[in-house]
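Undergrad: Sequence:
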Amino acid sequence: MMTVHTFFIAFVVFLIGLLCLTSATDLTQTKLGKTISLGLGIFWTARLFFQFFVYSPKLWKGKKFETTVHVLFSLLWTYLSSIFLWTALN
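In terms of the working numbering, the sequence shown opens at residue 1 and continues consecutively.
FYI, nobody ran anything at the bench for these hints, they're computed from the structure.
None of the values given here were measured: they were computed from a predicted structure.
One should not assume that every hint holds.
Pairwise CB distance ranges (calculated) [what the hints assert, rightly or not]:
1. 29 - 58: 38 to 48 angstroms
2. 47 - 2: 16 to 26 angstroms
3. 78 - 8: 32 to 42 angstroms
4. 19 - 63: 32 to 42 angstroms
5. 2 - 31: 35 to 45 angstroms
6. 35 - 3: 30 to 40 angstroms
7. 64 - 35: 37 to 47 angstroms
8. 42 - 14: 17 to 27 angstroms
9. 62 - 30: 41 to 51 angstroms
10. 13 - 66: 12 to 22 angstroms
11. 61 - 31: 26 to 36 angstroms
In this text, a Cβ means the ideal position worked out from N, Cα and C, and glycines have one as well.
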């Protein structure tokens with residue numbers, strides 16, 4: 001069950017990326033696109049929140065590779081949150 005669940009999460013994230021690559025103009029210039037961007041901004045902001053306040057730091061603290069991944073993905077989620085929210089609100 002977890003394998004199927006993980007597959008569909010990865011599939012949705014892939015489709016979000018594909019949407020951004022193929023419809024960037026629509027996402028930035030139409031009302032529907034700005035609404036989708038707002039939803040994606042909220043999604044990535046929630047993911048960033050979970051990174052710091054839900055997941056246990058025991059998973060990464062004191063481990064060089066895990067700490068590096070934690071920092072890099074935190075930066076990625078901050079970037080995605082900022083870009084989508086900025087697009088939606090401008």
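Undergrad: Does each hint hold? Answer for all of them.
TA: These are the hints, each one checked on the structure:
no., hint, result
1, 29 - 58: 38 to 48 angstroms, "45 angstroms, holds"
2, 47 - 2: 16 to 26 angstroms, "18 angstroms, holds"
3, 78 - 8: 32 to 42 angstroms, "25 angstroms, violated"
4, 19 - 63: 32 to 42 angstroms, "34 angstroms, holds"
5, 2 - 31: 35 to 45 angstroms, "38 angstroms, holds"
6, 35 - 3: 30 to 40 angstroms, "32 angstroms, holds"
7, 64 - 35: 37 to 47 angstroms, "41 angstroms, holds"
8, 42 - 14: 17 to 27 angstroms, "19 angstroms, holds"
9, 62 - 30: 41 to 51 angstroms, "47 angstroms, holds"
10, 13 - 66: 12 to 22 angstroms, "21 angstroms, holds"
11, 61 - 31: 26 to 36 angstroms, "44 angstroms, violated"
Checked against the numbered hints above, the structure breaks hints 3, 11 and satisfies the rest.
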